[in-house]
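Peer 1: Sequence:
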Amino acid sequence: MITNAAHEHELLEHVSSIRCAAADLAKFCEKHQLPLPTSSASAPAAVDLSSLDSAPYFEAKAAIIDAAEQLIRLVRGPREYLLALSFEHCATASLQVILKYKFAKCVPLDGTTTYAAIAQAVGRPEVQPALVSRIIDHSTSYGIFDVRPGSLVAHSPASALLVTNPDLEAWMDLSATIACAAGASILKTFEKYGYRMEADEAAYGKSIGRKISQFQRFREKEGGTRLHEMFARAMRGIAAGGAYDFRHALNGGYPWHQFDQSGHLVVDVGGGPGHVAIALAEKHLGLRFEVQDLPETVAVGERSCPDELKSRVKYRSHDSMTTQPPHDVADDESIAYFCRFILHDWSDKYARRILQGLASALRPQDRIVVNEVVVPDPGTETRERERRM
Numbered sequence: 001m002i003t004n005a006a007h008e009h010e011l012l013e014h015v016s017s018i019r020c021a022a023a024d025l026a027k028f029c030e031k032h033q034l035p036l037p038t039s040s041a042s043a044p045a046a047v048d049l050s051s052l053d054s055a056p057y058f059e060a061k062a063a064i065i066d067a068a069e070q071l072i073r074l075v076r077g078p079r080e081y082l083l084a085l086s087f088e089h090c091a092t093a094s095l096q097v098i099l100k101y102k103f104a105k106c107v108p109l110d111g112t113t114t115y116a117a118i119a120q121a122v123g124r125p126e127v128q129p130a131l132v133s134r135i136i137d138h139s140t141s142y143g144i145f146d147v148r149p150g151s152l153v154a155h156s157p158a159s160a161l162l163v164t165n166p167d168l169e170a171w172m173d174l175s176a177t178i179a180c181a182a183g184a185s186i187l188k189t190f191e192k193y194g195y196r197m198e199a200d201e202a203a204y205g206k207s208i209g210r211k212i213s214q215f216q217r218f219r220e221k222e223g224g225t226r227l228h229e230m231f232a233r234a235m236r237g238i239a240a241g242g243a244y245d246f247r248h249a250l251n252g253g254y255p256w257h258q259f260d261q262s263g264h265l266v267v268d269v270g271g272g273p274g275h276v277a278i279a280l281a282e283k284h285l286g287l288r289f290e291v292q293d294l295p296e297t298v299a300v301g302e303r304s305c306p307d308e309l310k311s312r313v314k315y316r317s318h319d320s321m322t323t324q325p326p327h328d329v330a331d332d333e334s335i336a337y338f339c340r341f342i343l344h345d346w347s348d349k350y351a352r353r354i355l356q357g358l359a360s361a362l363r364p365q366d367r368i369v370v371n372e373v374v375v376p377d378p379g380t381e382t383r384e385r386e387r388r389m
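All letters in the sequence shown, in the order written, are residues 1 to 389 by the UniProt record's numbering.
Take these hints with a grain of salt, some might be off.
[What the hints assert, rightly or not] Straight-line alpha carbon distances no greater than 30 angstroms define the calculated DSSO-like cross-link-like pairs of lysine-lysine that follow: (1) K221 to K349; (2) K310 to K221; (3) K211 to K100; (4) K100 to K221; (5) K211 to K349; (6) K192 to K221; (7) K349 to K192; (8) K211 to K192.
The set of hints was computed from the structure by calculation and includes no laboratory data.
Model the full structure from these sequences, guided by the hints.
Peer 2: Written out as structure tokens, the structure is:
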């Protein structure tokens, strides 16, 4: 039988872990003159760690989150934990309404408003003050919006980002309206197709009632343009900070300076609108870049590329499942084919095809550089990190 003393030891152990990791985080922030985490409305949306050895920061942050989650599970107990898990989908349901009707844009960044004023600003007959009240009151329990005495609605730091950071808003929209629906269709997809490798037999197509892949849908004329532009913005949004910050690939992620010395070509395969290539071009003045993606994505990138970089950052429509096209490089120049966060979008069959297409084009001096999520063995990372992978 486990004694109360053993239970107390486990409880206090998690508290001690949080305290130690918090001290490590505070020490790192103080050393590098970074702001400590705060719930203040003036808190920065993300901390720029691109010029630092950020491993201690992320290790301390992960340790705090992991110990805090374990503490919550311990205090709740297994039954309450399962019940809490069963209600998590409700947060996404509220987010879907908030994003669909742009509630966040109806709330002033400074000051307050009312449920009735939000409903009036939305201007849709189905959006009544009672609906606004229910959705916003529920979302405040997740830290989205702030309802003050007198039922006055203000922004929280999180909801304000849905206004001030359109790329992050696009990521939230992609997750809540597209990824969530696809996730809810996984079981029905398995029942219909089994465990398959084909993109048009994945859960996304099932969620919209069609045998079509996500990227095929994004290329359709009817509605596809809007979805594709949202996807391009979402990729910038997820890459703008935290563990997914694309700047990790710039600073210490790979020795790009070795290529910079001789003015070689970097081909950003599936590079989206080129945000990574642009950042690399700004830092490594001797490198040339070619961003490859779907025609629609390339068009977005060409419009957003700074004029001063257009001579070194070029865009090309290319199907990554096919062999690489010829490149304008001298015999003594090398090509680095850069694959950042693209392989995980595909089943093993097609990820292999992407790499084979690159390998077949390699000359002895060329390289394939992969920046990708690697799922660790169970128990080797914190549970929160494992969950995200």
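Peer 1: None of the hints should be skipped; say for each whether it holds.
Peer 2: Do the hints match the structure? See the list:
For the suggested pair K221 and K349, the alpha carbons sit about 28 angstroms apart, so the restraint of at most 30 angstroms is met. Between K310 and K221 the CA atoms are separated by roughly 28 angstroms; this keeps the pair inside 30 angstroms, and the hint holds. Between K211 and K100 the CA atoms are separated by roughly 25 angstroms; this keeps the pair inside 30 angstroms, and the hint holds. At roughly 21 angstroms between alpha-carbon atoms, K100 and K221 fall within 30 angstroms of each other, so this suggested pair holds.
Restraint check for K211 and K349: satisfied, since their Cα atoms lie roughly 19 angstroms apart, inside the 30 angstroms limit. Under the criterion of a C-alpha separation no larger than 30 angstroms, the hint pairing K192 with K221 is consistent with the structure, at around 28 angstroms. Annotation: proposed proximity of K349 to K192 holds, straight-line Cα distance about 20 angstroms (limit 30 angstroms). For a cut-off of 30 angstroms, the pair hint linking K211 to K192 stands: about 11 angstroms separates their Cα positions.
No hint from the list above goes unmet by this structure.
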